[in-house]
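Novice: Work out the full structure: start from the sequences and follow the hints.
In the order they appear, the protein sequences are chains A and B. Mapping of the first sequence onto full-length UniProt numbering: residues 1 to 209, in sequence order. Mapping of the second sequence onto full-length UniProt numbering: residues 1 to 209, in sequence order.
FYI, nobody ran anything at the bench for these hints, they're computed from the structure. Any given hint might turn out to be false.
Copies of one chain are not kept apart here, so a pair can be met inside one copy or by any two copies together.
Unchecked claim - Simulated pairs of lysine-lysine, DSS-like, Cα-Cα distance not exceeding 27 Å: (1) LYS97 with LYS108; (2) LYS169 with LYS14; (3) LYS24 with LYS198; (4) LYS126 with LYS14; (5) LYS198 with LYS31; (6) LYS108 with LYS198; (7) LYS14 with LYS31; (8) LYS198 with LYS169; (9) LYS148 with LYS182; (10) LYS66 with LYS169.
Number of protein chains: 2
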Amino acid sequence: MVNAVIPFRPVNPKTRLSCILNQKEREEFAKSMLADVISVIKSVGCKATLLSTSPVSMDGAETVVKELGLNEALNEYLSVLTEPVMIIMSDIPLLTKESVLRVISTEKDMAIVPGIGGGTNVIFVKEPGRFTADFYGASFVDHMNIAKRNGLMVEVVDSFKLSTDIDEKEDLVEVLLHSEGKSKKYLESLEISISVEKGRVGVHRSTHE
Amino acid sequence: MVNAVIPFRPVNPKTRLSCILNQKEREEFAKSMLADVISVIKSVGCKATLLSTSPVSMDGAETVVKELGLNEALNEYLSVLTEPVMIIMSDIPLLTKESVLRVISTEKDMAIVPGIGGGTNVIFVKEPGRFTADFYGASFVDHMNIAKRNGLMVEVVDSFKLSTDIDEKEDLVEVLLHSEGKSKKYLESLEISISVEKGRVGVHRSTHE
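Specialist: Right, dumping it as structure tokens:
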């Protein structure tokens, strides 16, 4: 069974969304995106484990609390695993069953999905002991180099759904247009909707305090 | 044979890149991206036709000049076609043979690839007479609605490579990281490279006047 590890920060997450969501809303929205990720992960038969910076309880997932930086927490966690592992970000609510299956069915030693802007959104490694995570900055290039150095054959999975991480106000357009999960419903409950001005697509919130 | 139609604007294109490229450079860069698109289109056995706002000559493609808006030009052109057609944007230099093959091998009546931000980057229609293009604004939703109204079954192709259109400075990160074509070489010739500041990935130009 594939162990899916989802790094998560429950308190004051997604600060780049502060222009449209207050802290409580950002925490709720982050949990909605996480719920969408867990739901798809479970649907493909993976075990979901949250690697969280503080205690949090989510349906369908175990929680491991580590008060460490993302890389330290991940690498400490990975070092004891022997079964295939998928590290998957909690802010990619467009994910689909099909796109995740493309990742975990790779014939290579490892599959990786870049995030928009140089990051990494998903890593699947058959032998976790042969890999070290190095998130932050241009992590996609770093992860490709780590794989090469460790002699791992890598498949880069080409998926818009998995490459789209939600960090900024403009990214909410993608959630509203291309997902059908809890994150979209949560945004709609706040009366956030698509707006088109001068041909450019953005989002508008009618009830923003 | 699939007829690939590429709308193109040779004069003063990509104005949102003015912060890093002057007009002549934007025209050269737009042509480099177009060359990458034509190269992949030809490699999968499609015929390439530029639908251009002014005369332009590119290796491997025919040019049809129409001094009309994008939708008027496209729909006038589509109205006389009887063979399968692919409308493909000229600013998606990350495209690969595999991703384009996924589009043109659809079993549905039509395949579509959304662009980041609500747009449409690729449309493939087996019977062009049954479809009308409506670009600008939230065109992905509009195109899905047009397909539905006309009784066309649609496949939405999930590809980061095809969904990534290059409009703004930050988008150049994707060209430098995820493509290997003429566009990347052109940016490198201008000494534009990846920069990482405070964990955020951007681009830097060392020779910018």
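Novice: Next, verify each hint and record whether it holds.
Specialist: Structure-based check of all given hints:
1. LYS97 with LYS108: both (20 Å within a copy, 20 Å between copies)
2. LYS169 with LYS14: Answer is both: 10 Å inside a copy and 23 Å across each meet the 27 Å cutoff.
3. LYS24 with LYS198: between (32 Å within a copy, 26 Å between copies)
4. LYS126 with LYS14: neither (30 Å within a copy, 43 Å between copies)
5. LYS198 with LYS31: between (33 Å within a copy, 26 Å between copies)
6. LYS108 with LYS198: This pair counts as neither: shortest intra-copy Cα distance 46 Å, inter-copy 33 Å.
7. LYS14 with LYS31: within (11 Å within a copy, 38 Å between copies)
8. LYS198 with LYS169: both (18 Å within a copy, 20 Å between copies)
9. LYS148 with LYS182: between (38 Å within a copy, 25 Å between copies)
10. LYS66 with LYS169: neither (29 Å within a copy, 37 Å between copies)
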